[in-house]
Amino acid sequence: MKVKLLCRNPDEYIRETKKDIHKVPRNYDPALHPFEAAREYTKALNASKLDRVFAKPFLGSLNGHRDGIHCMSSHPSSLSTILSGACDGEIRQWDLAKRTCTRTINAHEGFVRGLTVTPSAESFYSCGDDKIIKQWRMTPENPSEKEEPTHTIIGKTIYEGISHHWRDNVFATCGQQVDIWNVDRAEPVRTFTWGVDSISHIKYNHIETHLLAATASDRSIMLYDMRGSNPLRKVILKLRSNAIAWNPMEAFIFTVANEDYNLYTFDMRNLKEPLNLHMDHVSAVLDVDYSPTGKEFVSGSYDKSIRIFPIEKGRSREVYHAKRMQRVSCVKWSRDNKYILSGSDETNIRIWKANASEKLGVLKPRERAAFNEVTKLKEKFVHHPKVRRIIKHRHVPGMIYSAKKEHAIIKESRKRKEHNRRVHSKPGAVPFVAEKKKHVVAELE
Amino acid sequence: MTSLEPKPAKKKQRKRDLKFPEDQSTKKETFTLDVDKIIRTKNFSRGPDIKKNYTFSGEKGHRKKDKGVKNVLPNKSSQTQILKGKGLKNQTGRLQGTQQKHGKPIKSRFQDRKTDPYPGDAPIPIQRLQKYKRGEDKYLGDMKNQFETKKLKFREKKISDAVKQAARTETLLNEQPGFLEVGADEDITTITQHDISNAVDITSAQKYFELKLKQFGPYRANYSRNGRYLLMAGNLGHVAAMDWQTKKLMCEFNAMEAVTDAKWLHIETMLAVSQKQWTYIYDNQGLELHCLKVMDSVLKLEFLPYHFLLVGANARGYLSWLDVSIGQKVAGFQTSMGRLDVMCQNPANAIIHLGHTGGTVTLWSPNIKEPLVKMLCHGGAVRAVDVDHTGTYMATSGVDRKLKIWDLRMYKSVHEYRIGGGAGQLSFSQRGLLAAGIGSVVEVYQDPCRNVVESPYLRHQCPRTVASTQFCPYEDVLGVGHGGGFSSLLIPGAGEPNFDALEANPFQSKKQRRNAEVQMLLQKIQPDMITVDTSALGKVDVKTYAEKIEERNKLLFLKPETIEFEPRHKKKGRSKTGHHENRKQGYKEEMKREFIKDRVQEKLDEATRKREEKKNRDTEQGKPKGGALSSKGWQGLVEMSIGMWHLEAMEHVKRLYGMFRGYVACLKAVWHVHRLCGMS
Numbered sequence: 001m002k003v004k005l006l007c008r009n010p011d012e013y014i015r016e017t018k019k020d021i022h023k024v025p026r027n028y029d030p031a032l033h034p035f036e037a038a039r040e041y042t043k044a045l046n047a048s049k050l051d052r053v054f055a056k057p058f059l060g061s062l063n064g065h066r067d068g069i070h071c072m073s074s075h076p077s078s079l080s081t082i083l084s085g086a087c088d089g090e091i092r093q094w095d096l097a098k099r100t101c102t103r104t105i106n107a108h109e110g111f112v113r114g115l116t117v118t119p120s121a122e123s124f125y126s127c128g129d130d131k132i133i134k135q136w137r138m139t140p141e142n143p144s145e146k147e148e149p150t151h152t153i154i155g156k157t158i159y160e161g162i163s164h165h166w167r168d169n170v171f172a173t174c175g176q177q178v179d180i181w182n183v184d185r186a187e188p189v190r191t192f193t194w195g196v197d198s199i200s201h202i203k204y205n206h207i208e209t210h211l212l213a214a215t216a217s218d219r220s221i222m223l224y225d226m227r228g229s230n231p232l233r234k235v236i237l238k239l240r241s242n243a244i245a246w247n248p249m250e251a252f253i254f255t256v257a258n259e260d261y262n263l264y265t266f267d268m269r270n271l272k273e274p275l276n277l278h279m280d281h282v283s284a285v286l287d288v289d290y291s292p293t294g295k296e297f298v299s300g301s302y303d304k305s306i307r308i309f310p311i312e313k314g315r316s317r318e319v320y321h322a323k324r325m326q327r328v329s330c331v332k333w334s335r336d337n338k339y340i341l342s343g344s345d346e347t348n349i350r351i352w353k354a355n356a357s358e359k360l361g362v363l364k365p366r367e368r369a370a371f372n373e374v375t376k377l378k379e380k381f382v383h384h385p386k387v388r389r390i391i392k393h394r395h396v397p398g399m400i401y402s403a404k405k406e407h408a409i410i411k412e413s414r415k416r417k418e419h420n421r422r423v424h425s426k427p428g429a430v431p432f433v434a435e436k437k438k439h440v441v442a443e444l445e
Numbered sequence: 001m002t003s004l005e006p007k008p009a010k011k012k013q014r015k016r017d018l019k020f021p022e023d024q025s026t027k028k029e030t031f032t033l034d035v036d037k038i039i040r041t042k043n044f045s046r047g048p049d050i051k052k053n054y055t056f057s058g059e060k061g062h063r064k065k066d067k068g069v070k071n072v073l074p075n076k077s078s079q080t081q082i083l084k085g086k087g088l089k090n091q092t093g094r095l096q097g098t099q100q101k102h103g104k105p106i107k108s109r110f111q112d113r114k115t116d117p118y119p120g121d122a123p124i125p126i127q128r129l130q131k132y133k134r135g136e137d138k139y140l141g142d143m144k145n146q147f148e149t150k151k152l153k154f155r156e157k158k159i160s161d162a163v164k165q166a167a168r169t170e171t172l173l174n175e176q177p178g179f180l181e182v183g184a185d186e187d188i189t190t191i192t193q194h195d196i197s198n199a200v201d202i203t204s205a206q207k208y209f210e211l212k213l214k215q216f217g218p219y220r221a222n223y224s225r226n227g228r229y230l231l232m233a234g235n236l237g238h239v240a241a242m243d244w245q246t247k248k249l250m251c252e253f254n255a256m257e258a259v260t261d262a263k264w265l266h267i268e269t270m271l272a273v274s275q276k277q278w279t280y281i282y283d284n285q286g287l288e289l290h291c292l293k294v295m296d297s298v299l300k301l302e303f304l305p306y307h308f309l310l311v312g313a314n315a316r317g318y319l320s321w322l323d324v325s326i327g328q329k330v331a332g333f334q335t336s337m338g339r340l341d342v343m344c345q346n347p348a349n350a351i352i353h354l355g356h357t358g359g360t361v362t363l364w365s366p367n368i369k370e371p372l373v374k375m376l377c378h379g380g381a382v383r384a385v386d387v388d389h390t391g392t393y394m395a396t397s398g399v400d401r402k403l404k405i406w407d408l409r410m411y412k413s414v415h416e417y418r419i420g421g422g423a424g425q426l427s428f429s430q431r432g433l434l435a436a437g438i439g440s441v442v443e444v445y446q447d448p449c450r451n452v453v454e455s456p457y458l459r460h461q462c463p464r465t466v467a468s469t470q471f472c473p474y475e476d477v478l479g480v481g482h483g484g485g486f487s488s489l490l491i492p493g494a495g496e497p498n499f500d501a502l503e504a505n506p507f508q509s510k511k512q513r514r515n516a517e518v519q520m521l522l523q524k525i526q527p528d529m530i531t532v533d534t535s536a537l538g539k540v541d542v543k544t545y546a547e548k549i550e551e552r553n554k555l556l557f558l559k560p561e562t563i564e565f566e567p568r569h570k571k572k573g574r575s576k577t578g579h580h581e582n583r584k585q586g587y588k589e590e591m592k593r594e595f596i597k598d599r600v601q602e603k604l605d606e607a608t609r610k611r612e613e614k615k616n617r618d619t620e621q622g623k624p625k626g627g628a629l630s631s632k633g634w635q636g637l638v639e640m641s642i643g644m645w646h647l648e649a650m651e652h653v654k655r656l657y658g659m660f661r662g663y664v665a666c667l668k669a670v671w672h673v674h675r676l677c678g679m680s
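These protein sequence lines map, in sequence, to chains A and B.
Each residue of the first sequence is one higher than the one before, counting from 1 in UniProt numbering.
Each residue of the second sequence is one higher than the one before, counting from 1 in UniProt numbering.
Chain A with its partners taken away, still in its complex shape:
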């Protein structure tokens, strides 16, 4: 007779010393793991609940300005440094890690309209309502003295925006016309005009660095090539665009923030219709900025909220608001993809997490594995009604809530009207037009 009985040696299953971690032998036989689906579902449900519990995106605010913030600019190499310009002509430099103001400059009379840092990060430019462009050192030579700009350009018209080239010592300003400036010269090296309206916002492309995009008050978005003498293209939307942001990963894609509460993502190569239409704001969108991954962007609106949109989605994934936050005039996504900064009318700059429920700081490997697991599970069960309800729910201020309801009613009635018109007119007289196409008026070359 040959017999073998199960007999486990405890040494193989119990840790040797108390300083070791516990031994966890695994057996992946499905028979030992019953109720797989139900347990995974429960996990996903709990994770989505916890996600909402830990969603505390507001990290802090930077206060010091004495008037509403009008523009912001981040530092190309230092994550903790940002610059902000206010409506009273004051520029402040901030240390984000310490949340303190490190420097104050009384730069302009009236608004500071634009701020831009040179790629080498040695200096930055500002322009304002006083028709002056000023260049400032990033680190002041003598902090105790009153600061003077290193370089001043006095122009003939108001400059409404400024953007620096991503590589060369060239920058562009906009106002009544678009000017390209060389650092060494007092006059613009090139000037673009198209129509008579004023141009409110201008941005250089990150990748195709000689490309520029600008938004004008005649409801148009214009594209320029710095090397040519004429503007490239112009697309006119139904309402005016307030700001523009290039996708940092895809050279030909940009997003504009529009007065009609929407954002439009365009492919530069085909401006006839936007790639995507992003709806959720209930008031004019004032600023937009891309995340460094190029997958998402953040927008600040006149409805006192900030929203985060994935570029391929029409609806926002996140909305941030604070009790005391007023109209958001500028937003920035930090270059480590972790934080969002917003400047608003009530003189504060707010720091938010880009992922509301993300745990900050270093994660242990097991912690990270656990996070990865539940993230995947949430993805897997996102279409189950209970999970979806929790994941989608956001509390918004009453103003936004009621406005949203109202807009839904308006939209519904428009739809109904269109349908009725279609039913009661000759077949084909009221054609179906895609929502995307409705907002583009014309494309000019």
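No lab work stands behind these hints, which were simulated from the structure alone.
Hints are supplied without guarantee of correctness; some may be wrong.
Rough simulated footprint, nothing fancy, chain A against chain B, three-plus residues with beta-carbon under 8 Å [what the hints assert, rightly or not]:
{"no.": "1", "segment": "202 to 211"}
{"no.": "2", "segment": "343 to 351"}
{"no.": "3", "segment": "402 to 412"}
{"no.": "4", "segment": "526 to 538"}
Simulated crosslink set (DSBU-like; lysine-lysine; CA at most 35 Å straight-line) [what the hints assert, rightly or not]:
{"no.": "5", "chain 1": "B", "residue 1": "K597", "chain 2": "A", "residue 2": "K417"}
{"no.": "6", "chain 1": "B", "residue 1": "K164", "chain 2": "A", "residue 2": "K364"}
{"no.": "7", "chain 1": "B", "residue 1": "K329", "chain 2": "A", "residue 2": "K359"}
{"no.": "8", "chain 1": "A", "residue 1": "K378", "chain 2": "B", "residue 2": "K592"}
{"no.": "9", "chain 1": "B", "residue 1": "K524", "chain 2": "A", "residue 2": "K364"}
{"no.": "10", "chain 1": "A", "residue 1": "K386", "chain 2": "B", "residue 2": "K329"}
{"no.": "11", "chain 1": "B", "residue 1": "K576", "chain 2": "A", "residue 2": "K376"}
{"no.": "12", "chain 1": "A", "residue 1": "K2", "chain 2": "A", "residue 2": "K23"}
{"no.": "13", "chain 1": "A", "residue 1": "K43", "chain 2": "A", "residue 2": "K313"}
{"no.": "14", "chain 1": "A", "residue 1": "K405", "chain 2": "A", "residue 2": "K313"}
{"no.": "15", "chain 1": "B", "residue 1": "K138", "chain 2": "B", "residue 2": "K164"}
{"no.": "16", "chain 1": "B", "residue 1": "K539", "chain 2": "B", "residue 2": "K510"}
{"no.": "17", "chain 1": "A", "residue 1": "K378", "chain 2": "A", "residue 2": "K417"}
{"no.": "18", "chain 1": "B", "residue 1": "K158", "chain 2": "A", "residue 2": "K386"}
{"no.": "19", "chain 1": "B", "residue 1": "K207", "chain 2": "A", "residue 2": "K376"}
{"no.": "20", "chain 1": "A", "residue 1": "K392", "chain 2": "B", "residue 2": "K597"}
{"no.": "21", "chain 1": "A", "residue 1": "K43", "chain 2": "B", "residue 2": "K543"}
{"no.": "22", "chain 1": "B", "residue 1": "K524", "chain 2": "A", "residue 2": "K380"}
{"no.": "23", "chain 1": "B", "residue 1": "K158", "chain 2": "B", "residue 2": "K131"}
{"no.": "24", "chain 1": "A", "residue 1": "K386", "chain 2": "B", "residue 2": "K138"}
{"no.": "25", "chain 1": "B", "residue 1": "K329", "chain 2": "B", "residue 2": "K293"}
{"no.": "26", "chain 1": "A", "residue 1": "K436", "chain 2": "B", "residue 2": "K144"}
{"no.": "27", "chain 1": "A", "residue 1": "K376", "chain 2": "A", "residue 2": "K295"}
{"no.": "28", "chain 1": "A", "residue 1": "K411", "chain 2": "B", "residue 2": "K138"}
{"no.": "29", "chain 1": "A", "residue 1": "K380", "chain 2": "B", "residue 2": "K293"}
{"no.": "30", "chain 1": "A", "residue 1": "K203", "chain 2": "A", "residue 2": "K146"}
Ideal Cβ placement from N, Cα and C applies to all residues, glycine included.
Using the hints, position chain B against chain A.
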């Protein structure tokens, strides 16, 4: 039907039929020899195919690669020799890396051979892959969208990789299942527990013991989920909990009341005991924690560990579920099936199986008042029920002295055995052994579900009638509670050799137990998710036929125009509100009837027009009249269209007359439809 009663005449033959548990070594052999069944990964092939494979598939590429390597290491002649080998596609990269690291070439295993005889990943036996697979592979052939196809293909690949990975981890399992082999001259049934305990090592031998407790029996025994702790409850009130391996007593007390059943809860610090009147929860010190008055005169207890549900079957036919994590009753139904003293749970889907005196077995979930399934299993009363731990097979025994094995996927009997006195107790082990308590004898059968067993694997004579049997999880031990106490028997090959520490850990420390409890509570499955098919939650929610039909009907439904009508004002009290309203409604209905009539007429006209057209076309083409369809056929078509319309019209009328609840109105409506159809 096969008999299990020992028949001396057939003894010799039986010996030949005896099946031994598979030795691991023999298993391995079958795997390696079965080349056809082996999945080939990457360039895997065997024997003479190897060379062919390489010369065809990638010779050019190899040479190029080889050159590159040569440039890196120009002087190592021995190495270049190796690298010239044709089959080093997978090796070159690796070798290169190691050389750069150490600065000088490492002597390769394959130096004296031309090719690696086992290139690529090690093959995985197909049976083993099957074990880890969930569902069938998706067919992704005819999808329209390429983007989605790619995405799905990527997902499918991930899934299959995960299956492979899981299957590969089996090589890391360090325990082998137990077995018992006898020589040709021995009879396996004559082997006693003494023989086994003498043959095994001392630690295993200690697992065979008898507790002689003659005063308070018969005893019911229950092992904790990790198999470490034993709970015994004597019918006359004696309750004892112990760590049975170290024989350390945790608590012992007398409930001073008849005890019918006792079960461990989710951890070994809490136990539920059903007593004559109420059910109680004690801690492992014997302290009474709760008295559950919602569960009275319970005869059998079950605990569903993933749902934290304590299930009690009552002497008056009442079945109740209690959530022990919140202490609330989840559900309770009067089964109206009489005394419920036969109960078991299906460990795979948490459904409760009850055996009844009429010979039926009923399946219950806490969500539905009626039994999910009612099966007639035996001619007489059902004495014992148990379900194996994969939830596929159910074993029942009745007073008709039969033991039946049922396939729960089909609810059909697969095997039927006749046992001497009939089994009063049944229990499956983790590896599919079945123990049956027959009077005072315990018999164990090896895999009675998939094979036909001819004789018991082991048998043991207890001092008195067996009252409960349970295999200890993760051990080769069978616990038998009987009138004279408790016996712990050695059954080689009963328990799962490799436990998963995140499910049940016999070597759990206190801290681990606490962590595990929190995890279990976090992952508690809600009772409303108890279903027969546990995978339903992970499946796509496809619309049922009824839902589809309803949706289609909605589309088909014609919306009649709104009828604005204000009756003329009449004098002399004839325009009272009631009269006014009656006239208004009457007019509206008249209009609606007209509307329906018009639609019917329209449809019919259309049909006639089409018919005419077809006729004309046929005659133009020179076909004989009625060539395609005879006049009868046309009539049939028209009738069909009327029939369809009839259905639609019925829907209409239902809605129109919905406001009148009266039967007469309904009749009228139906009559109206018939009239309409008759008219046309």
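The hints, checked one at a time:
1. 202 to 211: holds (count 3)
2. 343 to 351: It holds: at least three residues are needed, and the segment 343 to 351 of chain B offers 4 whose Cβ sits within less than 8 Å of chain A.
3. 402 to 412: violated (count 0)
4. 526 to 538: With 7 residues close enough to chain A, the hint holds.
5. K597(B) / K417(A): holds (30 Å)
6. K164(B) / K364(A): The given pair, whose Cα atoms are some 28 Å apart, holds under the 35 Å limit.
7. K329(B) / K359(A): violated (38 Å)
8. K378(A) / K592(B): Violated: K378(A) and K592(B) sit about 52 Å apart, past 35 Å.
9. K524(B) / K364(A): Holds, because 26 Å separates the two Cα atoms, which is no more than 35 Å.
10. K386(A) / K329(B): holds (24 Å)
11. K576(B) / K376(A): violated (69 Å)
12. K2(A) / K23(A): Cα-Cα ~32 Å, so holds.
13. K43(A) / K313(A): Holds: K43(A) and K313(A) sit about 26 Å apart, inside 35 Å.
14. K405(A) / K313(A): Since the Cα atoms of K405(A) and K313(A) sit roughly 21 Å apart, the hinted pair holds (cutoff 35 Å).
15. K138(B) / K164(B): Holds, because 17 Å separates the two Cα atoms, which is no more than 35 Å.
16. K539(B) / K510(B): Violated: K539(B) and K510(B) sit about 38 Å apart, past 35 Å.
17. K378(A) / K417(A): violated (39 Å)
18. K158(B) / K386(A): holds (27 Å)
19. K207(B) / K376(A): The hint is violated at about 44 Å.
20. K392(A) / K597(B): Violated: K392(A) and K597(B) sit about 49 Å apart, past 35 Å.
21. K43(A) / K543(B): holds (26 Å)
22. K524(B) / K380(A): Holds, at roughly 19 Å.
23. K158(B) / K131(B): Distance of about 17 Å is within 35 Å: holds.
24. K386(A) / K138(B): Given pair K386(A), K138(B) holds - Cα atoms ~27 Å apart, limit 35 Å.
25. K329(B) / K293(B): Holds, at roughly 10 Å.
26. K436(A) / K144(B): The given pair, whose Cα atoms are some 24 Å apart, holds under the 35 Å limit.
27. K376(A) / K295(A): holds (18 Å)
28. K411(A) / K138(B): At roughly 41 Å apart (the allowed maximum being 35 Å), K138(B) and K411(A) break the hint.
29. K380(A) / K293(B): violated (42 Å)
30. K203(A) / K146(A): holds (31 Å)
Checked against the numbered hints given earlier, this structure breaks hints 3, 7, 8, 11, 16, 17, 19, 20, 28 and 29; the rest are met.
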